[in-house]
Each structure stands twice: as C-alpha cells, then as structure tokens.
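Using the sequences and the hints given, assemble the complete structure.
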Amino acid sequence: MSIPSPRLKSQVSSFKLEDARSAFSKSNLRLQTSNLRPRKSVGLSLVELIVFIVIVGVAVAGVLGALNVSTRASADPVIQKQALAVAEAVLEEVQLMPFTYCDPDDPQAATAQSAAVGPTGCTAAASVENPGAEATPPYGPETRLSVTTPYDNVNDYNTFSMTGMTDISGTPITGLGEYTVVVGVAGQAFAAFGGGRAIPVADSLLVSVTVTRPAGNVSVTLHGYRVRYVPNALP
Numbered sequence: 094m095s096i097p098s099p100r101l102k103s104q105v106s107s108f109k110l111e112d113a114r115s116a117f118s119k120s121n122l123r124l125q126t127s128n129l130r131p132r133k134s135v136g137l138s139l140v141e142l143i144v145f146i147v148i149v150g151v152a153v154a155g156v157l158g159a160l161n162v163s164t165r166a167s168a169d170p171v172i173q174k175q176a177l178a179v180a181e182a183v184l185e186e187v188q189l190m191p192f193t194y195c196d197p198d199d200p201q202a203a204t205a206q207s208a209a210v211g212p213t214g215c216t217a218a219a220s221v222e223n224p225g226a227e228a229t230p231p232y233g234p235e236t237r238l239s240v241t242t243p244y245d246n247v248n249d250y251n252t253f254s255m256t257g258m259t260d261i262s263g264t265p266i267t268g269l270g271e272y273t274v275v276v277g278v279a280g281q282a283f284a285a286f287g288g289g290r291a292i293p294v295a296d297s298l299l300v301s302v303t304v305t306r307p308a309g310n311v312s313v314t315l316h317g318y319r320v321r322y323v324p325n326a327l328p
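For the sequence shown, the tail end lands on 328 under our numbering, and the numbers increase by one without skipping.
Quick caveat, the hints were computed from the structure, so don't treat them as lab data. Be aware that one or more of the hints could be misleading.
[Said to hold, decoys possible] Computed spacing ranges between beta-carbons, pair by pair:
(1) Ser138 x Pro307: 52 to 58 Å
(2) Pro307 x Ala209: 17 to 23 Å
(3) Gly225 x His316: 15 to 21 Å
(4) Leu160 x Arg290: 51 to 57 Å
(5) Val294 x Pro265: 35 to 41 Å
(6) Leu160 x Ala291: 50 to 56 Å
(7) Ala208 x Val275: 24 to 30 Å
Ideal Cβ placement from N, Cα and C applies to all residues, glycine included.
Put into structure tokens, the structure is as follows:
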C-alpha cells in the first residue's frame with residue numbers, strides 16, 4: 094500500500110481551491126450579466142388603449158342620453174315659477190273674498206248666523222250662499238269680471254276656470270296666455286282646532302287652485318283654507 098506524498102496532497106488541495114474560485118467567478122459574472130439586461134417596459138398596448146376608449150365612449154353616451162331625456166321631460170324653471178306665481182295669486186284672490194251664509198248682496202249678510210231664512214239668517218232662500226256662482230237674479234248671474242254681479246264670496250269660485258291670465262279688472266297679463274287655471278272649493282271639517290274646538294264642514298272650506306301649461310309639461314296645485322267667522326266680514 095502506497096502512501097500519498099505530502100506534495101501530491103498540496104497539489105490536489107490547490108486544484109480544488111482554484112476550481113472553487115473559478116466557479117464563484119463564473120456565477121458572479123452571470124449575476125452581473127443578468128443585472129445588465131434591459132427591463133421589460135410596463136404600459137398599455139395599442140389594442141388595450143382602443144378597447145378602453147370604446148368602453149368609456151359607450152358609457153358616456155349612455156349617461157348623456159339619459160340626461161337628455163330627463164331634461165326634455167322636466168319643466169323649464171321659468172315656466173314652473175310662472176305657474177306657481179299664477180296659482181298663488183288666484184288662491185289669494187279667492188281667500189280674500191267673504192265667506193258668509195248669505196250672498197253678500199243680501200241685507201242681512203253681515204249679521205246672519207245661519208243659512209236659515211229669518212231674522213238671524215238670510216232674508217230669502219234665493220240669497221243663501223251655496224258652492225258655485227249664483228246663476229239667476231237677483232244675485233246673478235255672477236262672473237269673475239262682471240261689473241254688476243261679480244264674484245263676491247269664496248263659494249262663487251267653485252269650478253271656476255280660465256285660460257289666459259287677467260287681473261281682477263279683466264286686464265290681460267302679457268306672457269301668461271297659455272296658462273289654464275281651475276279652482277275647486279269644498280267643505281273641510283276640522284275635528285279639533287283652537288283648544289279642542291271642532292269646526293264643522295259648513296264653516297270651513299278647502300280651496301284648491303290648479304295651474305297647467307301643456308306646452309311646457311307644467312302642472313302646479315296649491316291648497317288653502319278659509320274658515321267662517323262671525324260677525325261675517327264684508328268689503
């Protein structure tokens with residue numbers, strides 16, 4: 094059995110050390126080379142950009158179409174305000190009228206405490222105030238603009254309607270010719286009012302004023318109340 098010489102061991106160790114250094118140098122060189130490679134650019138391709146533009150365009154077109162339909166269906170704010178002003182004016186006109194048991198032309202209208210004919214009521218059955226304008230003499234026919242027998246009670250305005258606004262003197266109001274006004278007057282009872290005091294249907298009225306303008310797709314309705322009180326208020 095031969096024994097390796099110390100010199101041969103030294104050569105083998107030197108060879109292994111050189112191989113290890115060489116391997117390390119190669120791997121280090123490979124790592125440095127890989128770091129020098131250009132990185133892949135990040136972004137959108139032309140196809141992706143075109144698809145994005147198409148999707149956004151379709152979405153925007155849908156939103157604009159919905160807004161266009163909504164705008165066309167909605168009323169012009171100016172027309173809406175005009176209709177509201179007309180309704181307020183007519184409602185105020187009606188509520189300022191007397192609310193008496195008898196026609197205001199009846200001599201006992203200011204003192205009547207019921208619709209009965211007699212000393213504490215009306216002088217005649219023909220003068221008892223009912224919903225709607227009086228249609229026959231001596232207190233009718235009543236119309237809103239009549240000089241001799243005009244509306245003189247809240248009840249007279251029941252079922253009243255007109256197209257084209259005029260003031261109480263009959264003067265047309267410029268720019269309001271397309272508006273239509275309809276008035277309704279009906280009894281409205283209160284179960285409790287003013288400390289628990291009930292108001293019967295005969296002594297309280299609900300006034301409804303509706304103003305429309307078909308050309309602008311506008312409709313406005315206002316409600317107001319008129320309560321009878323004694324002594325009766327006459328102009």
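So, going through the hints one by one against the coordinates:
no.: 1; hint: Ser138 x Pro307: 52 to 58 Å; in the structure: 56 Å, holds
no.: 2; hint: Pro307 x Ala209: 17 to 23 Å; in the structure: 45 Å, violated
no.: 3; hint: Gly225 x His316: 15 to 21 Å; in the structure: 19 Å, holds
no.: 4; hint: Leu160 x Arg290: 51 to 57 Å; in the structure: 53 Å, holds
no.: 5; hint: Val294 x Pro265: 35 to 41 Å; in the structure: 37 Å, holds
no.: 6; hint: Leu160 x Ala291: 50 to 56 Å; in the structure: 51 Å, holds
no.: 7; hint: Ala208 x Val275: 24 to 30 Å; in the structure: 27 Å, holds
When held up to the earlier numbered hints, the structure conflicts with hint 2 and nothing else.
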